[in-house]
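Participant: Sequence:
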Amino acid sequence: MRTIEFTDTEFMIAQGARLIEDGKTIFVGWGIPQVVAMLAQKLYVPNVTQLFEFGAIGPQSVLPFVRGTMGGPQNTHRSLQWINMNWAFSYSATGYMDYGMLGALQVDPYGNINSTHLGGTYASPARRFAGSGGGNQVASHCWKTIIVIKHEGRRFVPKVDFITSPGYLDGPGAREKAGLPRGTGPHRVVTSKALFGFDEESRKMTLLSVLRGVSVEEVVKDMAFRPLLAPVVGEIPPPTDDELRVLREEIDPDRFIIRGEKMSATA
Numbered sequence: 001m002r003t004i005e006f007t008d009t010e011f012m013i014a015q016g017a018r019l020i021e022d023g024k025t026i027f028v029g030w031g032i033p034q035v036v037a038m039l040a041q042k043l044y045v046p047n048v049t050q051l052f053e054f055g056a057i058g059p060q061s062v063l064p065f066v067r068g069t070m071g072g073p074q075n076t077h078r079s080l081q082w083i084n085m086n087w088a089f090s091y092s093a094t095g096y097m098d099y100g101m102l103g104a105l106q107v108d109p110y111g112n113i114n115s116t117h118l119g120g121t122y123a124s125p126a127r128r129f130a131g132s133g134g135g136n137q138v139a140s141h142c143w144k145t146i147i148v149i150k151h152e153g154r155r156f157v158p159k160v161d162f163i164t165s166p167g168y169l170d171g172p173g174a175r176e177k178a179g180l181p182r183g184t185g186p187h188r189v190v191t192s193k194a195l196f197g198f199d200e201e202s203r204k205m206t207l208l209s210v211l212r213g214v215s216v217e218e219v220v221k222d223m224a225f226r227p228l229l230a231p232v233v234g235e236i237p238p239p240t241d242d243e244l245r246v247l248r249e250e251i252d253p254d255r256f257i258i259r260g261e262k263m264s265a266t267a
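Here our numbering is used: position 98 in the sequence shown is 98, and no number is missing along the way.
Derived from the structure by calculation, the hints contain no laboratory data. Accuracy of the hints is not assured; some may be wrong.
[As the list claims (entries may be wrong)] Simulated crosslink set (SDA-like; lysine to any residue; CA at most 20 Å straight-line):
hint, residue 1, residue 2
1, Lys-144, Trp-82
2, Lys-144, Ala-174
3, Lys-221, Glu-235
4, Lys-262, Ile-4
5, Lys-42, Pro-253
6, Lys-144, Ile-57
7, Lys-150, Lys-42
8, Lys-193, Pro-231
9, Lys-42, Ile-83
10, Lys-193, Met-263
11, Lys-150, Ile-57
12, Lys-144, Asp-170
13, Lys-193, Lys-262
14, Lys-42, Arg-18
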């Protein structure tokens, strides 16, 4: 047994990368989801096909990652195809995208995402943010949406201030009633402490597993609502040596993205 030291951001990225299946397609959102996809492609899923909303298909990104960019030449290196945004979104709308991966400001028990504003109203918000971009299209039409979000109580709320991108809306059948494709929706919520899924019947967020050494109550107390619990809550190992090496030496050697709260766990 030995102790591994890492940041909460590194853990979040590493466990997100482990969820992606090889040979699948993934619609990648801006920010941390880009880094998750890069790590996954580098270590686990060389045959995954990424899609960016502005139209790059199948890029093989040149490292290190350039923070704050998506359409630069390094991020879109050796793309199989360049299309426009309408075509990119049409691929998800017609069922070609197995996964979508998005960040969020807030998320609620049904996996609805807010990335538009906090407090106030849409017309007069307390704080305004970037909003949807392509997030609504990703969450509406990809078969399985993975949400990547820091584990902070203010982010896990009983009701989001604004539904930027739809989860299961207000419960079973609501997506279909709203005209969204049957069988699509939130699949996993990856946080800096735990992994959540969604109950098949109630469509509510369900705690599946926690970081090794972190208790269930420690995870739940940091949320403004209490999630359902899986019959057996599993254990997530910390980032591996390879995951940390690629993140620290190849993807983000300046530690701009992967910095965060220091954590440790036994390997």
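Participant: Checking each numbered hint in turn, tell me which of them this model violates, lowest number first.
Facilitator: 1, 7, 9, 11
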